[in-house]
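*Asks:* Take a look at the letters that make up each chain.
Number of protein chains: 2
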Amino acid sequence: MPRVKRYEQLRDLLVERIDQGIYRCGDRLPSVRQWCQEQGVSMTTAQACFAALEAEGLIEARPRSGYFVTAPAHTSLHATPLPQRSQPEQRPVHVSRWKQVQTLVMGSAPHQSRHALANGMPDLRAATLLPLQRLLGQSQRDASMSHFAYDNLAGDEELRRQITLLMSHSGCMRHVDDVIITTGCQEALAIALRLLTEPGDVVAVDSPAFYGAMQMLEARGLKALEIPTDAEHGISLGALELALEQWPVKAIMVTPTCNNPLGYSMSNERKQALVEMASRYDVAIIEDDVYGDLAYTAPRPHSIAAFDGEGRVLLCSSMSKTLLPGLRLGWLAPGRYRDRALHEKYVSTGSSSTLAQSAVAEFMARGHHARHLTAMRRQYRLQRDQMRGWIQQYFPEGTRVSVPSGGFMLWLELPDGFDSIALNQRLAEHQLGIAPGPLFSASGKYRHCLRLNYASLLNDSTHAAIATIGECAKAQLVQPEDAVV
Amino acid sequence: MPRVKRYEQLRDLLVERIDQGIYRCGDRLPSVRQWCQEQGVSMTTAQACFAALEAEGLIEARPRSGYFVTAPAHTSLHATPLPQRSQPEQRPVHVSRWKQVQTLVMGSAPHQSRHALANGMPDLRAATLLPLQRLLGQSQRDASMSHFAYDNLAGDEELRRQITLLMSHSGCMRHVDDVIITTGCQEALAIALRLLTEPGDVVAVDSPAFYGAMQMLEARGLKALEIPTDAEHGISLGALELALEQWPVKAIMVTPTCNNPLGYSMSNERKQALVEMASRYDVAIIEDDVYGDLAYTAPRPHSIAAFDGEGRVLLCSSMSKTLLPGLRLGWLAPGRYRDRALHEKYVSTGSSSTLAQSAVAEFMARGHHARHLTAMRRQYRLQRDQMRGWIQQYFPEGTRVSVPSGGFMLWLELPDGFDSIALNQRLAEHQLGIAPGPLFSASGKYRHCLRLNYASLLNDSTHAAIATIGECAKAQLVQPEDAVV
Numbered sequence: 001m002p003r004v005k006r007y008e009q010l011r012d013l014l015v016e017r018i019d020q021g022i023y024r025c026g027d028r029l030p031s032v033r034q035w036c037q038e039q040g041v042s043m044t045t046a047q048a049c050f051a052a053l054e055a056e057g058l059i060e061a062r063p064r065s066g067y068f069v070t071a072p073a074h075t076s077l078h079a080t081p082l083p084q085r086s087q088p089e090q091r092p093v094h095v096s097r098w099k100q101v102q103t104l105v106m107g108s109a110p111h112q113s114r115h116a117l118a119n120g121m122p123d124l125r126a127a128t129l130l131p132l133q134r135l136l137g138q139s140q141r142d143a144s145m146s147h148f149a150y151d152n153l154a155g156d157e158e159l160r161r162q163i164t165l166l167m168s169h170s171g172c173m174r175h176v177d178d179v180i181i182t183t184g185c186q187e188a189l190a191i192a193l194r195l196l197t198e199p200g201d202v203v204a205v206d207s208p209a210f211y212g213a214m215q216m217l218e219a220r221g222l223k224a225l226e227i228p229t230d231a232e233h234g235i236s237l238g239a240l241e242l243a244l245e246q247w248p249v250k251a252i253m254v255t256p257t258c259n260n261p262l263g264y265s266m267s268n269e270r271k272q273a274l275v276e277m278a279s280r281y282d283v284a285i286i287e288d289d290v291y292g293d294l295a296y297t298a299p300r301p302h303s304i305a306a307f308d309g310e311g312r313v314l315l316c317s318s319m320s321k322t323l324l325p326g327l328r329l330g331w332l333a334p335g336r337y338r339d340r341a342l343h344e345k346y347v348s349t350g351s352s353s354t355l356a357q358s359a360v361a362e363f364m365a366r367g368h369h370a371r372h373l374t375a376m377r378r379q380y381r382l383q384r385d386q387m388r389g390w391i392q393q394y395f396p397e398g399t400r401v402s403v404p405s406g407g408f409m410l411w412l413e414l415p416d417g418f419d420s421i422a423l424n425q426r427l428a429e430h431q432l433g434i435a436p437g438p439l440f441s442a443s444g445k446y447r448h449c450l451r452l453n454y455a456s457l458l459n460d461s462t463h464a465a466i467a468t469i470g471e472c473a474k475a476q477l478v479q480p481e482d483a484v485v
Numbered sequence: 001m002p003r004v005k006r007y008e009q010l011r012d013l014l015v016e017r018i019d020q021g022i023y024r025c026g027d028r029l030p031s032v033r034q035w036c037q038e039q040g041v042s043m044t045t046a047q048a049c050f051a052a053l054e055a056e057g058l059i060e061a062r063p064r065s066g067y068f069v070t071a072p073a074h075t076s077l078h079a080t081p082l083p084q085r086s087q088p089e090q091r092p093v094h095v096s097r098w099k100q101v102q103t104l105v106m107g108s109a110p111h112q113s114r115h116a117l118a119n120g121m122p123d124l125r126a127a128t129l130l131p132l133q134r135l136l137g138q139s140q141r142d143a144s145m146s147h148f149a150y151d152n153l154a155g156d157e158e159l160r161r162q163i164t165l166l167m168s169h170s171g172c173m174r175h176v177d178d179v180i181i182t183t184g185c186q187e188a189l190a191i192a193l194r195l196l197t198e199p200g201d202v203v204a205v206d207s208p209a210f211y212g213a214m215q216m217l218e219a220r221g222l223k224a225l226e227i228p229t230d231a232e233h234g235i236s237l238g239a240l241e242l243a244l245e246q247w248p249v250k251a252i253m254v255t256p257t258c259n260n261p262l263g264y265s266m267s268n269e270r271k272q273a274l275v276e277m278a279s280r281y282d283v284a285i286i287e288d289d290v291y292g293d294l295a296y297t298a299p300r301p302h303s304i305a306a307f308d309g310e311g312r313v314l315l316c317s318s319m320s321k322t323l324l325p326g327l328r329l330g331w332l333a334p335g336r337y338r339d340r341a342l343h344e345k346y347v348s349t350g351s352s353s354t355l356a357q358s359a360v361a362e363f364m365a366r367g368h369h370a371r372h373l374t375a376m377r378r379q380y381r382l383q384r385d386q387m388r389g390w391i392q393q394y395f396p397e398g399t400r401v402s403v404p405s406g407g408f409m410l411w412l413e414l415p416d417g418f419d420s421i422a423l424n425q426r427l428a429e430h431q432l433g434i435a436p437g438p439l440f441s442a443s444g445k446y447r448h449c450l451r452l453n454y455a456s457l458l459n460d461s462t463h464a465a466i467a468t469i470g471e472c473a474k475a476q477l478v479q480p481e482d483a484v485v
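Which chain is which? The protein sequence lines are G and A, in order.
For the first sequence, counting from 1, position 451 maps to 451 in the UniProt record's numbering; every step adds exactly one.
For the second sequence, counting from 1, position 157 maps to 157 in the UniProt record's numbering; every step adds exactly one.
Just so you know, these hints were derived from the structure itself, not from any lab.
In this text, all values refer to a predicted model and were calculated from it rather than measured experimentally.
Hints may contain errors.
A pair counts as met if it fits within one copy or between any two copies, since identical chains are not told apart.
List of simulated lysine to aspartate or glutamate pairs, DMTMM-like, C-alpha gap at most 20 Å [to be verified]: (1) K250 x E198; (2) K99 x D177; (3) K99 x D151; (4) K99 x D339; (5) K5 x E16.
Modelling step: build the complete structure from the supplied sequences, incorporating the hints.
*Replies:* What follows is the structure, given as structure tokens:
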């Protein structure tokens, strides 16, 4: 079992003090020596703590002056309340809403072209991605055509080795043979579901949940049992245990770190408790970790798989949120299901595309990937706060907003009576769009909620877009659509 | 309905005469003028006929002398008898043998490294592929990172347009929106099967059939109903009709053009009859056309989809046999099932990899693809005859060999008592391997059969390999394995 190191505990303590406003932006922190004395730790430990915070962009070292807080004052973070704990249907239901998801993912609707506020696109213009473009071109030039043969079914070995190193940062130690390269995280999730379920089976999910995963349940004829979920702590373990007692649940599908759409990361204690519960009820867990490497804390939180000694957690992830979605480069660490996972991979798409695998492996081996993650975590964190500020400014009174612990998605809960689907129709006139709440539910809940993407660099145009969306939302609440007609 | 043109009929007549030995290699053909008079056609038609034969590499024009036969004398083609019509189980059975397929497709077995005789790899060293390498590099250099966003779910529009043009050569006219880009033909087949079946359903298949498709049936819990199939004419329509009357068949899965592994192309009449039968019984057809563009005749034979006016044929193909398998670039023309096919595509892998799509579209638009196909058809046809000659020379008496109409696979039927799985074990000592017959059957038939790949340029080393395989086969028949023990 992974253990939280002493310096990480100290780091968490400092982050808490910054968040509580004890240290504000621009304040000088205690010196390393003072910090050692106060906490009774070694210089090495104190230095590691400050180095971690500096890597995260929360503090900066000024020569001969010490460390200063650089992050925005986080006292404002909780000025806007968090979305309330969800209250989905307490029974398994079939999923629908493909037409709405299709509009979103097909990207054919013209109103989505102005801003990528609705979908799951990362920022593709980051300077730290440029070495990848060079390496892709280079591997293309240098490769003989034999590079384009059918790949090893499990994927490029060096890339898998780099991925095991990456996974180790989440406390998850796996052998290179325990990783299978897939065509995006979507294929990893689909394979995991096919391994564990037959049509008609029940799958427990956190709720709201990623619409792509919801649609997978629909396509396979599975029923979703939506578990109440909290924007701060994650899936309700009590409600989950009740569900496991009451229903023949075949798999638990969760996004416990940098959750999409709620933004929370479950604590280590709760992650461990979830694994233990799954073990007691002998159920497998499908863990979607696709945003986990974009956590704003360094080192990133542990994955659920890190606490799994029985191989019952199937970890699914990809480079679609951290690098480039168009590479379609994902992976599955299928635990005890490896042999059947390889079979499913074979009949799903055969081997994976070879073109990008070696370039991405090289990008990781040279340290570019770690630098890129550091830069993106800092950028997304700053943009989160900027975007939350605009929402406080322009959205209707009573709007609740998530405080993502990583990634680039905000979840908004508007006052009762608000209709996110009607809002989207209105926004089309402005060539704008959001991801409406009901896409994230099997039972059509969350009509008063919506998700916003803040990955792209925020500028005046984004600012104006958020103002417009906020005003349209206000107008709808003051003068509901049906009152207009 | 597509109609065979007059010049194509003339071309077929000339091919028949060459195959019958009326015109032998080196012979001069009648002049265009003589041919016009003999057949009562226009100069234009006669010239089109000769141009087609020249494009296929069967004849060549010599200045001021006329046209000469360049292809090997095909009188020898039928000196070795064809494999006999298959006699599979006449009831639906579950598929197995994943372990043996895995050994083949994982490519991890050392004996497969010396020669690619066992798997489905095309020749990657063709000079006509080089422009693709340049275009891949170029599109890589020129592309901004926005090129790596999530793609349109159906795939790059220009590539889909080029594919509809390619499909028109098989008599199949489709709109650009009727094509969905997939991660190889494997994903196209998997999506088609998921659209049409539920676990436990029965699928009728030609037999022997591609092991990848067999494994798909296994993974989805489907039962295969293997229909007797002839190495010259294809699936038995009589046996298929009996099966449709007797069993609740949900889909017919066939490879009617340049069949893998038997090599035949069904005639237009039989293809049309198959579509009409499917219509009478209201069953969908999954058509695997992955080798169809490598037919040795130009223009290539019609696809079954060309005869389908009801949208009940789901055409599956890819660039894995014609260009590079590692691109994982396939497509599905799902007919009337388009909306559900898009949903299945979304939940299977999301959008497809963007990197190669525009480069391949450009490769096609500039005419490189047509040139490459012409070159490969000629090369593979010559190599077919070379390989068949070696087999006649080295394999046991009584060995029957297919005469592929395209592609690069030979199917061998050895005398009763021969065991292809035992042969493969023996060949491992020589770092050689073949694809054993039982992989191509759900019911473990064809133990006395094997498949050989002749795509790579044949040289002394291949010659020696075939001699070794033939000798090992002979030794096994003279002195069976169990007699040794």
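*Asks:* Decide, hint by hint, whether the structure agrees.
*Replies:* Verification of the supplied hints:
Both within a single protomer and between protomers do K250 and E198 lie at most 20 Å apart by alpha-carbon distance, with minima of 9 Å and 19 Å respectively. Taking CA atoms no more than 20 Å apart as the test, K99 paired with D177 passes between copies only; the shortest distance there is 17 Å, against 39 Å inside one copy. For the identical chains of this complex, K99 and D151 are inter-copy neighbours only, at 18 Å across copies versus 35 Å inside a copy, given an alpha-carbon limit of 20 Å. Taking identical chains as interchangeable, the C-alpha atoms of K99 and D339 lie at most 20 Å apart only when they sit on different chains, with a minimum of 10 Å there against 35 Å within one chain.
For the homomeric pair K5 and E16, the shortest alpha-carbon distance inside one copy (17 Å) is at most 20 Å, but the shortest distance between copies (80 Å) is not.
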